[in-house]
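Undergrad: Single-letter residue listing:
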Amino acid sequence: RKEVEQDPGPFNVPEGATVAFNCTYSNSASQSFFWYRQDCRKEPKLLMSVYSSGNEDGRFTAQLNRASQYISLLIRDSKLSDSATYLCAVIPYSSASKIIFGSGTRLSIRP
Amino acid sequence: GAVVSQHPSRVICKSGTSVKIECRSLDFQATTMFWYRQFPKKSLMLMATSNEGSKATYEQGVEKDKFLINHASLTLSTLTVTSAHPEDSSFYICSASGLAGGPGSHEQYFGPGTRLTVT
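Chains as they are written, first to last, in the numbering used here: chain A, 331 to 441; chain B, 19 to 137.
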């Protein structure tokens, strides 16, 4: 089983829709969780960290479910500019800083 | 803040030659730098973790003699692809972790990547 798994998509949704991705992780002792956004042929950019209490940044909401070992990202009122690949990332307990990335979920917003 | 640069952004080299890629943290001290490789439409694959002043830790399956990593200072790490072959053609991305995100932060900040093509 992969340490971090994501549905590769693609998710193709109309502009203005709400879309959600999940990401599961295998190590129950994992400590830190992140969502990154990667545009085609560009480097990943940190979108948001995911805290135990959940956190929201504008149209983006991240949640952590430790019991079921998954994190989620919700995008409301999606924009054309949200089209990208979204990578979840996890720091396993065994390493203080090494981040394990999921394979990414491709999102395409259509007009 | 938290800017990471990479140089070169793109390089084409002949098979058998060596290529050096630089990764710099411009506005913070990076205690740890990471090197990733990404093939088209694939995920980032961690190659090695580099701590300043010590030997890099390589992931399973990554040849340390082929991918030489040097982390000589808190702001610079280099990756040298030795005796490059066409199958080494890929997008190489570094990231840096340090105090940019505050004490204890594990956030990583990525460089813009280097696209290597070996002919």
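Source of the hints: derived by calculation from the structure; they are not laboratory data. All values derive from a computational prediction rather than experimental measurement. Careful: at least some of the hints might be erroneous.
Stated by the list, open to error - Stretches of chain A that chain B covers, calculated by requiring three or more beta carbons in the stretch to come under 8 Å of a beta carbon on chain B: (1) 362-372; (2) 375-381; (3) 428-441.
Where is the CB? At the ideal position from N, CA and C, for every residue including glycine.
Undergrad: For the segment 362-372 of chain A, does the count of residues with a C-beta closer than 8 Å to a C-beta of chain B reach 3?
TA: With 4 residues close enough to chain B, the hint holds.
Undergrad: Three residues or more, CB to CB closer than 8 Å: is that satisfied between the segment 375-381 of chain A and chain B?
TA: The restraint on the segment 375-381 of chain A holds, since 3 of its residues have a Cβ under 8 Å from chain B and three suffice.
Undergrad: Cut-off 8 Å, C-beta pairs, minimum 3 residues; does the coverage of the segment 428-441 of chain A by chain B stand?
TA: As far as the segment 428-441 of chain A goes, the hint holds, because 7 residues have Cβ atoms under 8 Å from chain B.
Violated hints are absent here; each numbered hint is respected by the structure.
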